[in-house]
Structures are given as structure tokens and as C-alpha cells.
Amino acid sequence: MLCESCHQQPATVHLTTIVGGEKTEQHLCAACCQKHKQALTMAGMSTLLLNLLQGSSTPTSDQPDIRCETCGQTFDEFQKSGTLGCPRCYESFRTHLTPLLTRIHGSARHTGRAPSRTEEQSHIRRRMDALKREMDRAVADEDFELAAKLRDELRAMTPAQDSAQDAGRNPAPCVDGAACSEGDNHA
Amino acid sequence: MPELPGFNPAAKPPINPFEGMSPESDVVLTSRVRLARNHAGMPFPGLLDPEKAQDSIRRAAEALSPHGLTLMRMDSLSVLQRQTLVERWLISRDLLKSPDRSAVLVSEFDSWDIKSGHGELPSKMLSVMVNEEDHLRVQAFVNEFNLDEAARIAFEADQWIIEKIDVAYDEEFGYLTACPTNTGTGMRASVMLHMPALTWAGEMGKVTQAVSKLGLTLRGLYGEGTEAQGDLYQLSNQVTLGRTEGEILDDMRSAASQMMDWERKVRVALHAGDRIALEDRLMRALGVMERARKISAKEFMQRWSCLRLGACMKLIPLRLSALDRLLTAAQPASLQQSAGETLSDEQRDVRRASMIQSAMKE
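So the protein lines, in turn, are chains A and B.
Last residue of the first sequence: number 394 in this note's numbering, and the count goes up by one each step with no gaps.
Last residue of the second sequence: number 388 in this note's numbering, and the count goes up by one each step with no gaps.
Next comes chain A alone, as it looks inside the complex:
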């Protein structure tokens, strides 16, 4: 077998590369292997990603390019640059990103840590959620006296949350689903 690169010397080195579970094989002579080795060793992640993107699940030419409504970036632009415009792009391009993430990482389901705040903040958040549910129930039961009382109690807790948001802080994000089942205050 001749070297795939120079087509002159016999291929004595057989390289196997696995990217995102996809295997490619190269058959090279010793001299060409030496040249390829450094490039292979130092291949940057961006290069690997762009290679994957070229074969990724993309909108077909008869489908309009999808666009993130928050930042305006299109999926086509993402394919060219390799970077997304904003966190909401993950929602906008979810259908296309899921297979891509699977190809890159072998999975598209996060199993690691989730952001969680201190017990005190989580407690405040849980208390506010409980009050809100009670208030909604009181309104539904037409117990307006109780609803007003609960509303005042909620208001008394709200300034702390507002100032927290001013400083770039939002209430506890969804960690276990219990603290934020109402879905409010989430980005």
C-alpha cells in the first residue's frame, strides 16, 4: 500500500483518529507521518468542531435558516463561526444542537453539577413560592382577605429579591424542580 499523502513511499504507519465516535484511518509513510504527527497532536478543538459542523444536521436549502429571536444569530452563522450568540440560542436551535452535541460529546444529556445557592437564599425562594401558591389558592377560593395578607407578606420579601437582581442575582435557579416549579424568575 502506498502512502496516502505522497503516493511514492510504502505506507508503514497506520493512523486511526476517533472524533465524536467517528473513526477515520490514514496510511502514511514514515516521513509524511512525521509531518502529520505535529498537526494531529496539536489539532485545536475549533478545527475539530468546524469539521463536525460540516456534517451536522442542518436546515436544508428549501427550509428557511432558523434564527435566535433573542440575539438574532442564525444557525447558518453558527455553523460558520462555531460559536453561538447567546444562551437562548440553545433553545432556538435545540433540535439541531442535540445531534451535534451527541457527536461531540457522545451524549446530549448533562449529568454533572447544577448551580445551587446557599441554604438561606434557597429557603427564602422556597418560602416565596409557597406564599405565591397559597395566594393563588386564596384568590381562587375568593378569600380576598387572606390573599391580601399573603400579598403583603410577599411584597415585604420582594425588595431583597429586587436588589439581588439589580446586582446581577436572580432567585435560585431550578436545581431539583421543587424550588421553581412555577417557572417564574427564570432566564
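Don't take each hint at face value.
To be verified - Simulated crosslink set (DSSO-like; lysine-lysine; CA at most 27 Å straight-line):
1) A/K287 x B/K123
2) B/K78 x A/K287
3) B/K291 x B/K340
4) B/K232 x B/K291
5) B/K150 x B/K190
6) B/K78 x B/K123
7) A/K356 x A/K339
8) B/K190 x A/K339
9) B/K324 x B/K123
Read the hints as simulated data drawn from the structure, not as lab findings.
Please arrange chain B on chain A, whose structure you already have, making use of the hints.
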């Protein structure tokens, strides 16, 4: 190891090359854990307008300054100071692409003056880059093979961020990052390995193949797309989604240990195979480093690698701690910063040679 007639490398008073170092320091220089985090509801840095970029810096400073981190805006530093931070791995080259909208927060160092570059960095460091590819890139370094300690420092800083900042997170995809290659844990753990024997034996192709099967990758001295100068490689995880932080750290620890064993075996094999050729290579490097009047950055890295291997094999009486300090001190920006002035290429090479020789006498 029997000595050859007429050659006694231990003629100088014996020194312990591993003094103050961990047992793995014959191959490992540093362990690092990096976390990528972003503000929810804010475009990633690539699309940030100047006002929002400043807001991102302000919020990062609010979250981290109370914990003793010092904010340095890139546009408040000279080009030399910025480059020195790259050479010390406190920031990446990418952070310098838009210096008017990027910053770094670093743990306070009593022993090293960032502005002048004088002194030595501590053995553990924390830096948080702001508005690189992601809004926040937490980096914790430890000068030994200790990924757990690097992770502990990084996750402590992560908690400070979470307490104050609404971080972009998705139940399915995990931490959301500008590039999908970091999505999930957002964690990149890396170990810097000195592997001259594997490199000289032409084994790096095999090593690269082996690590890629484990979802890991090898990069050059200063990260993605950089050369493996000085036979130094960064082993890091490629997969960030679908595995927990603990699993990734376990994989890294196991792969780095295997590479250490591999490198050590090849060192022994090289020495057993052609002892004279190996010692000649190492001693020539010693001769140049001890005597040359000019040493370029590229030549320094080649010779440095020989000296470090020689010290590990107890053929060259130098301490690894001194050689590792030299590694950063002899880089172009660090060299000029310690000189207190900008130097031409030639002046730099002369200063490098004299600085190396002073360090070797210590």
C-alpha cells in the same frame, strides 16, 4: 547506574533535584481546572456591545472582589504586562483580542508583583478571565499533580459566582457556553506533562491516539493550536457533556498516570538503548546553557527540556523547582518585564543567556 571512565556527572556536591517537589514532578509540572460560565440573558462575549461588556466586568468584580480577587482590565495593562500574564498561564491569548472589553480577576499574590513581574508566583493560583470566549472562565492552578486541589479551588470560586450571578444553565444541556464543545460541565481539567522521551522516540502519535479514545486531547504549551515547545503537552478532557465532573477528573487522573508511566519507561529504554547518545544530547544542552552568550526563546525551550530530563535522571545537578521557575522567567515578555524595558531580539537573547546562567549557579 555504572559510571563511564572519565565521566562523573556527580562531581559537584550532590543535590536533590526533587527537593520541595512531589513524586510525580519528574513528568508533571502543573494541574489546572477551568470552568466556563456565562450570564443568563446576556449575549456571549462575541456579540456583546461595549456597554454590556463593561456590565459583565462589573458584575464579575462584584461577585469576586469580596473574596480577595483583584480586577485588572486588559486596557489598563501594558502590552508587556498582558503578555507576561499569558506566559504565566493566568490568561489566554484569546483574552487579548479585545483588550478594551476584557479583564481578569486574580487571587492576590504576596510573592509576585503583577505590575512589575518581580518575584515568584505561589504554588496555587486562581484567575477568572472576563469576556474571553465566555463571560467567565475560572482557572485554578496547582504546581503539582493534584487535580482534586485545583478542582476544589475552582468550585469554590464557582460558588462565589453562583451566589451573585444568574448563570446560564439548562436542565438538559447543563452550563451553556459560547462554543458547544464546552457545554455541560463547562469544565476543562488539564495536566501539563513534560514528555521528552516519548517525543524523541517518535511515540507521540500513539499517545495522541490512545488519549483520544478516552475522550481526552493533547495540546501545546499555551493551549489550543499552540506548539509543544520544550516537549511540554497539556493533557485535557475533550468531553464536557454526559459525564460528571468527578468522572472527568477520574479519567484525567488515570490517563495522566498512564502517560507518566509510559514516559518513564521510554526514558529508561532510551538510556538503556543508547546511553552515550542520550547523555551527549543532555550534556550538550548543559554546555550551551552554561556557556552560550546568546540563547533564543526557541533554543531555550529545546535545551531546557534536556536539562529537566537530565536533572530527573540525576545526570545534571539542578533542582526541578529552579528549572520550572526558569521556564516562565525566560519567556520573552517576562524577560523584558524583569529588565524593566523593551528589548530587541538580540538584547533579549543576550539577557536570557545571562539570566539562565545566574539561575543555574543558585
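To see whether the hints hold, each was checked on the structure:
| no. | hint | verdict |
| --- | --- | --- |
| 1 | A/K287 x B/K123 | 19 Å, holds |
| 2 | B/K78 x A/K287 | 24 Å, holds |
| 3 | B/K291 x B/K340 | 16 Å, holds |
| 4 | B/K232 x B/K291 | 15 Å, holds |
| 5 | B/K150 x B/K190 | 24 Å, holds |
| 6 | B/K78 x B/K123 | 17 Å, holds |
| 7 | A/K356 x A/K339 | 11 Å, holds |
| 8 | B/K190 x A/K339 | 24 Å, holds |
| 9 | B/K324 x B/K123 | 24 Å, holds |
Violated hints for the displayed structure: none, as all numbered hints are satisfied.
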